[in-house]
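So the chains spell out like this:
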Amino acid sequence: MTAVAVESLSVRLVDAAPPVIDSLDLAVDDGEVFGLVGPSGCGKSTLLRVLAGVNRDWRGSIELLNLRPKPHRRFRGGLRRDVQMVFQDPFASLHPRHTIARTLLEPLRLIGSERPRERMLQGLSEVGLDPRLASRYPHELSGGQRQRVAIARALLSSPRLLLLDEPTSALDPSVQAEILNLLVAVKIEHAMTVILVSHDMGVIAHMCDRAGLMQRGRIERVLGRDELDRV
Amino acid sequence: MHWRTDCATSVTRAMGERPLLSVRDLTIRSVTARDRPIVDSISFDVGIERVALVGESGSGKSLTARAVMGLLAPPLEARAERLEFDGEDLTRLAQRRWDRLRGSKLALVLQDARYALNPVLTIGRQIEEMLVLHDKAVDRKRRTREVLSAVGLADPRVVRSYPHQLSGGMGQRAMLAMMLANSPKLLIADEPTSALDADLRTQVLELMCERALTQAMGLLLISHDLHQVARYCDRALVMYRGRIVDEGSAAQLAASNHPYTRALWSCAPSGRTHGSRLPVFDREAIGP
Chain A
1 MTAVAVESLS VRLVDAAPPV IDSLDLAVDD GEVFGLVGPS GCGKSTLLRV
51 LAGVNRDWRG SIELLNLRPK PHRRFRGGLR RDVQMVFQDP FASLHPRHTI
101 ARTLLEPLRL IGSERPRERM LQGLSEVGLD PRLASRYPHE LSGGQRQRVA
151 IARALLSSPR LLLLDEPTSA LDPSVQAEIL NLLVAVKIEH AMTVILVSHD
201 MGVIAHMCDR AGLMQRGRIE RVLGRDELDR V
Chain B
1 MHWRTDCATS VTRAMGERPL LSVRDLTIRS VTARDRPIVD SISFDVGIER
51 VALVGESGSG KSLTARAVMG LLAPPLEARA ERLEFDGEDL TRLAQRRWDR
101 LRGSKLALVL QDARYALNPV LTIGRQIEEM LVLHDKAVDR KRRTREVLSA
151 VGLADPRVVR SYPHQLSGGM GQRAMLAMML ANSPKLLIAD EPTSALDADL
201 RTQVLELMCE RALTQAMGLL LISHDLHQVA RYCDRALVMY RGRIVDEGSA
251 AQLAASNHPY TRALWSCAPS GRTHGSRLPV FDREAIGP
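Respectively, the protein sequence lines represent chains A and B.
Going by my numbering, the first sequence runs without a break in its numbering and finishes at 231.
Going by my numbering, the second sequence runs without a break in its numbering and finishes at 288.
Bear in mind the hints are in silico, worked out from the structure with no lab data behind them.
Predicted model, so just to flag it, every value in this text is computed and none were measured.
We put the CB at the ideal spot given by N, CA and C, even for glycine.
One thing to keep in mind: the hints can contain errors.
Some chain A residues well away from chain B (every beta-carbon gap over 10 Å; in silico) [what the hints assert, rightly or not]:
| no. | residue |
| --- | --- |
| 1 | Ala52 |
| 2 | Asp89 |
| 3 | Ser93 |
| 4 | Arg225 |
Some but not every residue of chain A turned toward chain B, in silico, with C-beta under 7 Å [stated by the list, open to error]:
| no. | residue |
| --- | --- |
| 5 | Gly31 |
| 6 | Ser40 |
| 7 | Glu178 |
| 8 | Gly202 |
| 9 | Ala205 |
| 10 | Leu228 |
Go ahead and model the full structure; you've got the sequences and the hints to work with.
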């Protein structure tokens with residue numbers, strides 16, 4: 001089954017400039033880890049932001065988890081729970097003046113969780129964080145701990161599609177290894193589809209079942225596991 | 001046994017010819033937090049060779065470079081038993097001498113050209129400024145063209161460009177050209193390729209190493225990437241929490257049996273690690 005089907009997707013960020021994404025096609029299977037790799041400016045992050053519903057100014061056709069979001073509209077209903085994203089910079093993606101508890105409780109309230117506090121503490125231990133960190137602010141955590149919080153936040157609504165935008169490129173190599181191990185573990189636990197954007201071919205080859213090489217707003221080639229093994 | 005023991009190059013050099021840069025018991029601490037030094041009594045020499053200072057963020061490698069350049073700002077302060085560059089005692093250098101030294105015999109390339117270059121001067125003007133400050137006799141226009149083409153920026157438009165008109169890789173090469181303009185004896189490069197794409201990384205590193213070899217220049221490369229260092233350097237010093245915990249020949253990094261070096265070396269993901277857990281190290285085991 002297909003989790004994500006994109007057909008002739010185009011995105012312009014500036015009206016007169018050439019499109020950042022240029023009639024792009026993409027199909028990702030249910031339960032697959034799909035990688036997007038390419039040089040800076042190739043449109044990989046923009047594609048992810050469209051699939052997350054952050055960038056709504058696009059043309060073409062998108063099918064996400066059997067629903068068809070429309071351009072210029074916010075995601076509605078199930079998609080808002082089922083599609084979650086982890087951003088590159090854990091310093092910028094968490095509210096600096098909200099405690100970790102508040103950051104995690106907000107989405108739980110939105111989805112009407114039964115016992116939000118219990119679920120929040122459980123979410124923290126799932127990503128390997130001490131529940132006592134709940135009362136801390138982001139600046140009191142290390143970069144790796146912050147990225148764990150961002151992953152915990154994304155997992156709270158039990159998403160079916162997890163979008164990862166360079167989740168480890170702001171981290172030290174040894175911390176990157178810990179976060180990649182965590183992502184592999186939660187992927188198995190939650191049986192999600194994952195789309196991972198990275199400029200690091202090593203990260204893509206370690207994580208993905210298939211990967212698309214992006215260049216100037218298009219997917220030029222899709223690599224299978226046999227090709228990724230050689231990276 | 002670590003490979004610290006079998007690699008005695010720095011010792012032999014100290015006995016024979018004098019190293020370019022000699023650091024003994026360099027300690028950096030913050031005046032406001034007296035308890036634990038950020039860099040804790042490290043010693044190393046750099047001769048006419050390519051030496052890497054590797055470690056993760058917070059290990060003190062950038063501060064070490066800044067201390068050598070005399071660029072530490074309060075509340076940080078450095079103390080050293082010896083800090084010598086090319087026969088000069090850096091611990092008691094007057095400001096005027098520092099101004100002469102920095103940018104001529106001793107040069108520093110920083111991580112991100114977008115912040116390191118002056119945004120309101122053209123590349124040509126910035127390189128000429130280096131020559132005005134240090135070498136008044138030289139034909140500035142010609143020398144500027146020479147150093148720019150040496151870093152692969154022969155296009156005459158580059159001279160007239162402002163930093164924002166260049167790509168990240170071009171900016172980084174322009175900064176390198178500027179630092180090479182006065183033929184330094186020692187070039188310190190602080191993560192010179194971290195802000196660049198994979199292709200450009202190779203290009204900039206190869207350029208620096210080639211210059212180091214052909215101009216008989218010492219190179220101190222600061223990096224967090226062990227694999228990169230193993231390819232481009234002669235020796236490596238591994239820093240962890242302010243101390244040099246491991247050192248030896250860069251080609252032998254993979255064979256080190258220090259737990260930190262081993263973990264750093266093997267934690268890099270690749271196609272071969274697919275489906276397996278990446279090794280992570282026990283921070284407690286390495287000590288405080």
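Reported absence of A:Asp89 from the contact zone with chain B (all CB gaps over 10 Å): Consistent with the label, A:Asp89 stays out of reach of chain B, its closest Cβ about 14 Å off (over 10 Å).
Hint status (Cβ of A:Ser40 to nearest Cβ of chain B, threshold 7 Å): holds, 6 Å
message: Given A:Ala205 as an interface hint, is its Cβ closer than 7 Å to any Cβ of chain B?
response: holds, 4 Å
- prompt: Does the interface hint hold: is A:Gly31 within less than 7 Å of chain B, judged Cβ to Cβ?
  reply: violated, 15 Å
task: Report holds or violated for the interface hint on A:Gly202, using the least CB-CB distance to chain B and a cut-off of 7 Å.
output: holds, 5 Å
field: Minimum Cβ distance from A:Ser93 to chain B greater than 10 Å, as the annotation requires
entry: holds, 18 Å
query: Is it the case that A:Arg225 keeps its Cβ farther than 10 Å from each residue Cβ in chain B?
result: violated, 8 Å
message: Using the nearest Cβ pair, does A:Leu228 come within less than 7 Å of chain B?
response: Holds. Min distance 5 Å.
message: Does A:Glu178 hold up as a contact with chain B if the rule is Cβ-Cβ below 7 Å?
response: The hint holds - A:Glu178 has a Cβ within 7 Å of chain B, the shortest such distance being about 5 Å.
Chain B versus A:Ala52 - minimum CB to CB distance exceeding 10 Å, so not interface: holds, 24 Å
Checked against the numbered hints above, the structure violates hints 4 and 5; every other hint is satisfied.
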